[in-house]
Amino acid sequence: MAQEILMKAENISKLYQMGELEVVAVKKVDLEIYKGEFVVILGPSGSGKSTLLNILGGMDTPTDGNVFMEGENIIGFNEKKLTYYRRDKVGFVFQFYNLMGTLTAKENVELATEICQDALDIDEVMDTVGLGDRKDHFPAQLSGGEQQRVAIARAVAKNADLLLCDEPTGALDFETGIKILKLLKDINDKYKKTVVIITHNVPIGEMADRVIRMRSGEITEIKVNENPIDPERIVW
Amino acid sequence: MKKLDLRLLRSIKNSKGQFISITVTIIVAIVIFVSFSMVADKLRNSIFRYYEITNFSDITARVSKIPASAVEDLLSIEGIEDVQGRVVADVPLRVEDPDEKVRVRIVSVPPEDDSINRLYTIAGEEIGDSLNSTAVIQQFFVGREMSFGDIITPYIGGKTYPLEVVGEVGSPEYIYLMENEQTLLPEERGFGIIYVTEEFAQSTLGFQGSYNDIVIKVSDAYQGRIDSIVDQLEDELERYGVSSVVKREDQLSHSVMMQEVDSLGVMSTAMTVVFLFVAAIIISIMLSRLVRKDRMAIGVMKAIGYTDKQVLLHYVKYAVLIGVAGSFIGVLISIPVSVALVKLYIQYMNVPVLDTSMDPMYFVYGITLTTSFCVAAGLFGSRSVMSIDPAEAMRPEAPKAGKRIFLEKIKSVWSKISFSWKMVIRSISRTKRRAVFLAIGIALTYAITMLPVYMATIWNTLLDKQYGELQKMDYSIDFAVPLSTNVMLDIKQLTDIDVIEPKIEMPLQVKNGWRKKTISVVAVPNDTVMYGFMNSTGTPLELPEEGLFLSDILARILNVKAGDFVEVKGFLPGIDEKELQVKWIVEQYLGANAYMDIRQMYRILEEDGIATGAYVLTDSDITADLKDIKNIRAVQSVGDMQEAMLEYMDMIIASMGTMMLFGGILGFAIVYNITTVSINERLMEFSSLRVMGFEKKEIFRMITRENALMTAVGIILGIPVGYGMIKALETSISTEIYTIPAIILPSTYVIALIATLIFVAIAQLATYRKIHNLNFMDALKNRVS
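Just so you know, the protein sequences line up as chains A and B, in that order.
Counting with this note's numbering, you get residues 1 to 236 for the letters of the first sequence.
Counting with this note's numbering, you get residues 1 to 785 for the letters of the second sequence.
Since the hints were made in silico from the structure, they are not lab data.
Glycine included, each C-beta is placed from N, C-alpha and C at the ideal position.
Please note that a few of the clues may not be correct.
Unchecked claim - For the chain A half of the interface with chain B, some residues (derived, Cβ under 8 Å), not all of them:
#, residue
1, Thr102
2, Leu103
3, Ala112
4, Asp189
5, Lys192
Using the sequences and the hints given, assemble the complete structure.
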């Protein structure tokens, strides 16, 4: 089946200067991400997956290479265009949720949507993430799993095409983690959003359409999963 | 409402103590600015309005005697619009208490209505053409508790003339009522002005058809050339025995009033700037720490597509809100405060015309000034928002490198410090910025609390110095006319005197280039025991045989320094200008004089062996003994003068004290805010310590030690800062009546220290509460920002 390319990274490298040392975080990576797919990038810590994700999301710039989003190269973008790219095209989910403590769940979502052109209905999204009845709670009154749901709602409600999730279950217990993964899968199905998850947790790869393995800044394997399993069957 | 704004409001709500304390600083700043600018402005307006109503003269000339026709001739001088002759004479007033010496200045009022220096009737009637009526100047009328119908009896040429008091009046010439430059102070019971008909004055004082005083109006177009008109008048009047030609700028009452207005203006601006500056520093420190603390939140904002500008604005709005809230409340408060202050001041200053209209421009200025300070502080404090990289900010901050600190290298010192103090010192040196902020804050607090303490003590110090070290005489005697120095012996016989010295006090014009000023010059023997001259470093000086000493403020006005030459000219006819060297600039806290050896004065006056008065050292009360001596015009006790001075200073002390008291508010605001900011940053650290098993008490003790150490550093830094502020104050509020010396008593340092420690202690209580109420598990678990 010929898949439509949403995003394409060409020859991406990222070097960090640490004192007198030069650290290569990402080394000549080529990657395509297709519309509507569910991708898991697997790799141990320090393998460069977070850096790659940040580059795709317009939060970081590579030392070398190009990143095309729907045919447009985001590498040449100035600060302002990059900000608008993050605003309209990408939704982020972070390991530590990173909610605003002084805003309620719903307000945290609205914080993101009120600067977007084409946001989804917030109440509906809150229902989808299962927080319809807790949307007026402050983060401190929510469990970790619930906070992560708010973070997901925040990313989804913007109605961006691409959801980038950095270790979304990393701070959660197993059961809650599975529920979050299921939610991400549902969103992938329901809203047809492209979801990219990075994790060091190998079993999560089983639910993905494609699994990309990284080590030492390089992609070592790209595997298409013919039969992705239901997240509820994942065990770690 | 925008969610970012909502976040802002909620975070203000969570730190309301800080918000309120900074807002109060802003409120105080704007109240001071609006009220005192308004007072200065309204006072000036009222004075000039009064001048207009009363047709206040531009020039006053004093001569021995001038015929009425010659006065009219002065109109031929270009620029002179109107002239008017008067008879003016100082005479004793007979009062009930025979021991009381009261002097009045008789001033004649011309029969026509549209005269120059018209009287402003406050109560009662005009004198009309009744030869037995008099109108009395308000201050004297009130001071001596007169009522209409009272008979007062001036003693003129050996005879008393009973006059009926018919009116209480004000005059633009005597808003500030002082007999002459030397008296410094109004004495409402001892000296007054009484207005009589021209006919009465001329006949009793022997001026039929002539005058001895001329008031002159100069047309508006010639106001810029007033100096040349004065010169022409001096020439023109020489043959009538001119003794002084004084333009309005140098007129006694006017110049005192203008100094008052100016110093109000300077004070209001200076205080406002200090307050706004401090508020700006607190705001920018608070915001810069807030931005650091919000690093992750800022990363999130940027990650979800907020632009740098939007995020920056989010933080700047905090400052703007403070500015807006502060100026709004400040303006509201300043309205009644201004009205009350204006009324109080104008009444106190004896200006019968009162302008209390509100000038909205001051609100606009105040709000603009305040808001711009806040915006600038906001931008400065949150500027680092721009450089926060979202990807970077999302990760927890890497722990600080735990290097060995400098002190550890000095083994001999380090090994003697206890373990818990070592922890404290390490913690401080690893968060240097925070420590520096705290120290700066405490230094500022210390300096700012020093000011009011200094202000409260300085007047006593000043009077003690002036009347103890600089001027040592117990009495000052003024003769009615210059007498031979031989009368010193006579006076000594009349009463119980230890030491008596002749003096000459004489107004002389001192000129340096285009700057000239009529100065009251005091001449005493060069081995005088009555004066302790010293320069600004406190070195004692002896009067030189040639040349003169100038007080600091006069040196500044004339722009001369020690060693410069000035031209000195007397007002007696036929005496040449002399060039003299200014030998030293000397300290003088009250009044502003020049000093010289009496022999030098003889050379200037071209007359030997005379005195206009004497200084006396004695333990007895000599006033009664010298009361009835014909040629003694006044005997003044320096002790009484000191008391009168203190009384007069009350108003100044009160108004400055109020302003300075705000310094305390400011001091507290600084310490409270900086301490609170530093606790908020450390909640995570405290939580970790609690988890490790530290008791609340132990954490509190550690923080207290850290703060104590930084407080000590701050206070040490605060001493020179406070000294500098006082020095700056010294130059900005000195006038010709008083010069505020930067003499700081040791007690000032101690009181400021205690006040600062109290502020720190109260702020520490806030810390204690935070630590006590800290739910450390929550703080660790919810990494929310």
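So, going through the hints one by one against the coordinates:
no. : hint   : verdict
1   : Thr102 : 4 Å, holds
2   : Leu103 : 6 Å, holds
3   : Ala112 : 4 Å, holds
4   : Asp189 : 24 Å, violated
5   : Lys192 : 21 Å, violated
Comparing the model with each numbered hint stated earlier shows that hints 4 and 5 do not hold.
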